[in-house]
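J.: Sequence:
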Amino acid sequence: MKILFIHQNFPGQFKHLAPALVARGHEVLALADVANKANPTPVRTLYYKSPVKNRLKGIGATFADMVACGEMVGGACSQLRERTGFVPDVIFGHNGWGEMLFLREIWPEARIINYAELVYRSRGLDSDFDPEFQQTDLKARMATTARAAHILQSMIDADAAQSPTAWQAGSFPPLLRDKITVIHDGVDTDEVSPDPTAEFSPGEGKPVLRAGDEVLTFLNRNLEPYRGYHIFMRALPAVMAARPDAQVVIVGGEGQSYGRAPQSGTWKQIFLDEVKDRLDLTRVHFTGKVPRASFLSLMQVTRVHAYLTYPFVLSWSMIEAMSAGALVIGSRTGPVEEVIRDGVNGRLVDFFDVEGWSTALIAALADPTRDDPLRAAARATAIETYDLRQVCLPRLIRFVEDIAAQP
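So the sequence shown is numbered by our numbering: it starts at 37 and just counts up by one.
Treat the hints with care, as some may be off.
Think about it this way: if two alpha-carbon atoms lie no more than 20 Å apart in a straight line, the pair counts; the simulated EDC-like pairs of lysine to aspartate or glutamate are [said to hold, decoys possible]: (1) K85 with E118; (2) K38 with E141; (3) K215 with D69; (4) K51 with D226; (5) K215 with E240; (6) K242 with D193; (7) K51 with E437; (8) K242 with D195; (9) K215 with D226; (10) K215 with D423; (11) K85 with E63; (12) K51 with D224; (13) K325 with D281; (14) K215 with E290; (15) K38 with E437; (16) K93 with D173; (17) K38 with E63; (18) K38 with D281; (19) K215 with D193; (20) K89 with E118; (21) K325 with D423; (22) K89 with D101; (23) K51 with D423.
Between beta-carbon pairs, the in silico distance windows are [said to hold, decoys possible]: (24) E145 with G61: 51 to 59 Å; (25) R119 with E145: 32 to 40 Å; (26) G289 with E145: 42 to 50 Å; (27) A399 with D309: 49 to 57 Å; (28) V380 with R177: 31 to 39 Å; (29) K325 with G160: 41 to 49 Å; (30) G61 with D281: 21 to 29 Å.
The hints are simulated quantities; they were obtained by calculation from the structure and are not laboratory data. We treat Cβ as the ideally placed atom computed from N, Cα and C, and that holds for glycine.
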């Protein structure tokens, strides 16, 4: 078969699938935004020039930007067909940025698969979850609904779709869910596994942390409310007062991934300033973003890993922490509850319950052997349900090949 992947940040979610399809003898090509040309890719990759952001204001701005992106991708695909005669059997792309909008106009004969990560809704998901930072008036609800237009249009035009979790698939309207197959992208549980000899250094001049030490971790791409950074920081003073030997490692950048940016400064500094007078800052280590190898070592070292999220896309890092044998205490929100069962393979705390977070973290740090069965069960969950090579990748390969074989 001929397979075309489209993703502005390729390889993204297709990091393992694309080369696996090449290994099975298929001709695989990728198309990505030229702004990400420095990213290493596992297959031959072509690039389109991303459009300049439009100057439109109001609730139609997002749709205008996504249509412009779709237009640029459509033009690049048209040139590809005209100049090389390339006609894919399958086009598989992320529908979040408008790239999938006009592909049927270039290749009406192709089967189109959407990576259906999430669709925006004004009620019941992330947009109205946290009243401290989110507006829920009519104007805000209309703006959220408008942001879903390009995703829904892409889904209507698609032959099939894949979502990594059932909760994320459930964000889509009922009339589209029959198109969606739930298959997680997969975690390499051989690479991400417990290591009693692991070590992690939070930085020059700081203590080297080892497996067995009293280490509490919190990790996100960027430190922001969508991933519960504010709740974690507010719970931290009580934890550190009760556990005077605990070392806290906080990994993440100071940029913006989701939600609105603060009016000034960074979310990291805003919530650190809120509690810093009640913290022993010699035991709180902000590392910024770290290389993957360092992340893996940290998950092997940590005694307790806190993971919070709005009702939103589930981070790969949570399942990787479980695969590494960490005890994960997660927020009692839909995406987390799909994976973690309280008292079975981890622990759950209500997202906004600051005192509950402090209590749970203190108890887990104080008595690590109590939770050894949960750690073992967490790794078993990762292996049985989310293992890349034995579970997820074979399913993804069959999914793509089966869609291609349909008339």
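J.: Determine for every hint whether it applies to the structure shown.
T.: How the hints compare with the structure:
1. Note on K85 and E118: the hinted pairing holds, with a Cα-Cα distance of about 18 Å set against a maximum of 20 Å.
2. For the proposed pair K38 and E141, the alpha carbon gap of about 18 Å is at most 20 Å, so the pair holds.
3. The suggested pairing of K215 with D69 is violated, with an alpha-carbon distance near 27 Å, which exceeds 20 Å.
4. With a C-alpha separation of about 17 Å, the suggested pairing of K51 with D226 holds against the 20 Å cut-off.
5. The suggested pairing of K215 with E240 is violated, with an alpha-carbon distance near 51 Å, which exceeds 20 Å.
6. Straight-line distance between C-alpha atoms of K242 and D193 comes to about 54 Å, which puts the hinted pair past the 20 Å bound.
7. A distance of roughly 17 Å separates the Cα atoms of K51 and E437; the hinted pair therefore holds under the 20 Å criterion.
8. As the CA atoms of K242 and D195 are separated by approximately 53 Å, the hinted pair breaks the 20 Å bound.
9. The hinted pair formed by K215 and D226 fails the criterion: a straight-line CA distance of about 32 Å is larger than 20 Å.
10. With a CA separation close to 24 Å, the supplied pair K215 and D423 exceeds the 20 Å bound.
11. Distance restraint check for K85 and E63: the Cα-Cα separation of roughly 24 Å exceeds the 20 Å cut-off, and the hinted pair is therefore not satisfied.
12. Between K51 and D224 the CA atoms are separated by roughly 12 Å; this keeps the pair inside 20 Å, and the hint holds.
13. About 25 Å separates the Cα atoms of K325 and D281, which puts this hinted pair outside 20 Å; it is violated.
14. Proximity of K215 to E290 is assessed by CA-CA distance (about 37 Å); at most 20 Å being required, the pair is judged violated.
15. Annotation: proposed proximity of K38 to E437 holds, straight-line Cα distance about 11 Å (limit 20 Å).
16. With a CA separation close to 18 Å, the supplied pair K93 and D173 stays within the 20 Å bound.
17. For the hint linking K38 to E63, the alpha-carbon distance of about 5 Å falls within 20 Å, and the restraint holds.
18. Among the hinted pairs, K38 with D281 is inconsistent with the structure: their alpha-carbon atoms are about 57 Å apart, more than 20 Å.
19. A threshold of 20 Å between alpha carbons decides the hint, and for K215 with D193 the separation of about 11 Å falls inside it, so the pair holds.
20. Between K89 and E118, the direct Cα distance comes to roughly 28 Å. Violation of the 20 Å bound is thereby established for this hinted pair.
21. A C-alpha spacing of about 25 Å is found between K325 and D423, which places the hinted pair above 20 Å, so the restraint is violated.
22. Using a Cα cut-off of 20 Å, the hinted pair K89 and D101 holds, with the two alpha carbons roughly 6 Å apart.
23. Only pairs whose Cα atoms come within 20 Å are accepted, and K51 paired with D423 is accepted, the gap being roughly 15 Å.
24. Distance hint for E145 and G61: a CB-CB separation of about 21 Å, inconsistent with the stated range 51 to 59 Å.
25. Separation of R119 from E145 is about 18 Å and departs from the stated range, judged on CB atoms against 32 to 40 Å.
26. In this structure, G289 and E145 meet the distance hint of 42 to 50 Å, their C-beta atoms being roughly 43 Å apart.
27. For the pair A399 and D309, the supplied restraint of 49 to 57 Å is violated, since their beta-carbon distance comes to about 28 Å.
28. Checked against the given bound of 31 to 39 Å, the beta carbons of V380 and R177, roughly 37 Å apart, stay inside it.
29. Checked against the given bound of 41 to 49 Å, the beta carbons of K325 and G160, roughly 32 Å apart, lie outside it.
30. Checked against the given bound of 21 to 29 Å, the beta carbons of G61 and D281, roughly 56 Å apart, lie outside it.
The structure does not agree with the numbered hints 3, 5, 6, 8, 9, 10, 11, 13, 14, 18, 20, 21, 24, 25, 27, 29 and 30 stated previously, though it agrees with the rest.
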